[in-house]
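Residue numbers (my numbering), protein chains in the order written: chain A, 3 to 493; chain B, 3 to 493.
Be a bit skeptical, because a hint or two may be false.
A pair holds if it fits inside one copy or across any two, identical chains being indistinguishable in the list.
[Unchecked claim] The calculated lysine-lysine pairs, modelled on DSSO-like cross-linking and capped at a C-alpha distance of 30 Å, are:
| # | residue 1 | residue 2 |
| --- | --- | --- |
| 1 | K255 | K328 |
| 2 | K351 | K171 |
| 3 | K376 | K172 |
| 4 | K25 | K255 |
| 5 | K168 | K246 |
| 6 | K383 | K246 |
In case anyone wonders, no lab produced these hints; they're calculated from the structure.
Since we're looking at a predicted model, the values are computed, not measured.
Number of protein chains: 2
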Amino acid sequence: MKAIEESVHKVMMEAAEAFEVYKHISGKQKAQFLRNIGEEIVNLGDELIQTVIEETNLPEARVVGERGRTVGQLNKFADLVEEGSWKEAVIDIGDANREPLPKPDLRKMLIPMGPVVVFGAGNFPLAFSVAGGDTASALAAGNPVVVKGHPAHPKTSDLVASAIQKAIKKNDLPYGVFALVQDDGIESGKFLVQHPKAKAVGFTGSGNGGLALVKLASEREEPIPVFAEMGSVNPVVILENALKNNYSDIASKLVASVNMGAGQFCTNPGLLITIKTEGFNEFVDALSNNINEATGAQMFSPGVLRNYLVNADQVMSHETVTTIAKGDEVEPNVVRPAIATVSAADFMKNPHLHEEVFGPFSLLVVCDDTKEVKDVVASLKGQLTATLQAKDEELTKNQELIDLLVEKCGRLLLNGVPTGVEVGAAMQHGGPFPASSDSRFTSVGVGAIKRFVRPVCYQDFPDQLLPKELQNSNPLDVWRLVDNSWTKNAI
Amino acid sequence: MKAIEESVHKVMMEAAEAFEVYKHISGKQKAQFLRNIGEEIVNLGDELIQTVIEETNLPEARVVGERGRTVGQLNKFADLVEEGSWKEAVIDIGDANREPLPKPDLRKMLIPMGPVVVFGAGNFPLAFSVAGGDTASALAAGNPVVVKGHPAHPKTSDLVASAIQKAIKKNDLPYGVFALVQDDGIESGKFLVQHPKAKAVGFTGSGNGGLALVKLASEREEPIPVFAEMGSVNPVVILENALKNNYSDIASKLVASVNMGAGQFCTNPGLLITIKTEGFNEFVDALSNNINEATGAQMFSPGVLRNYLVNADQVMSHETVTTIAKGDEVEPNVVRPAIATVSAADFMKNPHLHEEVFGPFSLLVVCDDTKEVKDVVASLKGQLTATLQAKDEELTKNQELIDLLVEKCGRLLLNGVPTGVEVGAAMQHGGPFPASSDSRFTSVGVGAIKRFVRPVCYQDFPDQLLPKELQNSNPLDVWRLVDNSWTKNAI
């Protein structure tokens, strides 16, 4: 066995061993642990902030904000598991006197699956990396986590891992509840996904990376689920009345959204779809002006910048595409946003114009009428989000378009911008393939915990041997579906 | 395009077209439709019963019972969608005054995914075939269904399809909401799973069949989920005190369970695990006596019988295996159950002894002590069910064994037999791989509807344009998670 494979084997075996203890700890204890991780991350103080800045070029305000989001996510999962109803306890009370056969007593709830492998994301060095949403949700569910750190921010990963390890010690949990594996190449990630003790995988990143993991996992002797969030172009459809009345406001909000964080978000609005009607020329002018006025931002690295320039240029140099405005590279590594335009017909003919350009870029697709807007939307692949810019009165007559947008996305926004993902129970961050590998789950918000659990049913078990969530007296005071009605009442 | 491919294409396009209408019909209307299907099945009267008997050799009482279960399932899904809370509405109310950024209004609920391909099962010609659990749950969710009929009961399939079609007409639904495809070979099934309009697959049957579908679906341009329920050996662990005190009762119940329906159930107890201690010899004698006294039953077909005899013989002729008792084939196509025994050490050494023998067969694994019982359980693959035969006082000291059993199964029974699957909200029929392709879902009980839906989130939509489940006034009176609390209250 090679050294890398051996060390992966060691951490996975430690994780499996830790699972035997960790799966039994109470929601209260897990909540304490998650909150402590957040506290220890804050305790890393300015060293963490400066390390992230150094490794990612992100501005300080964003890094501080992202740290807040990361700690906030940990606390939200802490609240969720402390309250306890997320386990979806379902009880069908037995009836020994039922004819012709007695009715068994059936009690079902969600249980953790085992060690989860998490791949740190490049574009969220804190909120979707070592102690990010995937880790928080897997730990909250009761699973040990092994993180493959993103090679772009190894020092950040080490620091955050040290915070988790402090929280493990403080809570007297087994060492193997968490491990960080760092590796410049792809080998350790591959061994982690292939290891028999791995039970699920969380990933945020490129389509190629995500699909490779899905393939690896499906080829295992025991296939395991991979939750790959692979980004999308997040179409924004601007209807006639909105265009006519609000073009200026829409243009400035869209350019700000495209430019935010140098466009390095999975919800970057990379595709604008509108109709050549009243206000259209003014809208294009406004886009152009906003781009020319936009301040540049640094991308994560010279490599990310290079890819962006190549990909954006490939679109803009396409014979059917016209550049609307293109911010200059004002200093090394600093880009300003760019927007280009193409006719609906040409867009639909060229599948590669449908691909995401990672960075502050958006493509404006120009349609002749609403019918063509629908054709364009129908031609799209699955998306994390879709946005509709419309006046109230034109919504009711566009139900078919709304249907089409719903079919294509996980989250449909009205008159907003897709960046700025709220972390809450109602958030859906996961759309039809290829935006995500499994559209039935979300990677943002407390619903993310559902990725790493499965139901188990106890039949005819004596009350005292059941998990507390299923006991008659409902000692944890959780919501339960008892004989098909939601209640907190005891039985 | 070949004729088969063309006809598959036609039904799938009709299903996709029907989806545009069907996805919008109310829970009340879907409930009416599902109940009408059940009524039309009953209206088929004795013709259906006799056709099933002719095609499957099942005794009349079982066929009538299975028809009752099938209609009961349809009615349960009807109740579920009429009540409406299954859509899991989650609402995080917006707050325009939140600092530093306004909080968006987020409202999420489950929506149907699109046409579902269902493979009829051989061993449940009604309850898991054309109008069985997979079809009922997919239709209840709002998806059109295309069934690939099982080649063993084509006339039954045609009759049940005609009942569904009558219900479609009665409810004025699009023709394409349901279609039956019949084919002796595997071609049409393959084209159905590969068709771009197919969004999910339901299957109950052999491991080979299920895994082939999983592979096909994962190789599509847009991979889709396959819910394959592939059976298991359903281990029954008998602890010392239970053996000593109840050996006679346990033996008679187990043999009855093995023999029920000629063992042609996916929950057939194909593996018994116990300790060579007080009562063991008496238990083996009781098994033997019960088998010798058992009445035979017909298997589905001479082909199924042949496979059973070959597979059972292969196990019984293994050098480490001893036959306890083996019922004779009393008349052509009629078998009686057989039980053989093997030591724990030999069982663990021979992986093929872990495989299911489809039919009235069970293998008794003999352990030296509880430690060895745990080793045997740890060596097992994923199972639909696991059963523990134990006295209350010995349960508390065997928490580790219970943990191991939970890890291996979807449903854990105490002092029962795994056959006789209750259809209810708390049922879990689906276990870790390879019992099922996705252990996070159940194929029996109303929870089965969750396989064919995905969440969508509406951000900042005006009330009147939201689906009713998400509107402020809660006009459908469903349970909703509003700002993290379950309630039926309006907002």
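Any of the earlier hints contradicted here, and which numbers? Per hint list: 2, 3, 4, 5 violated.
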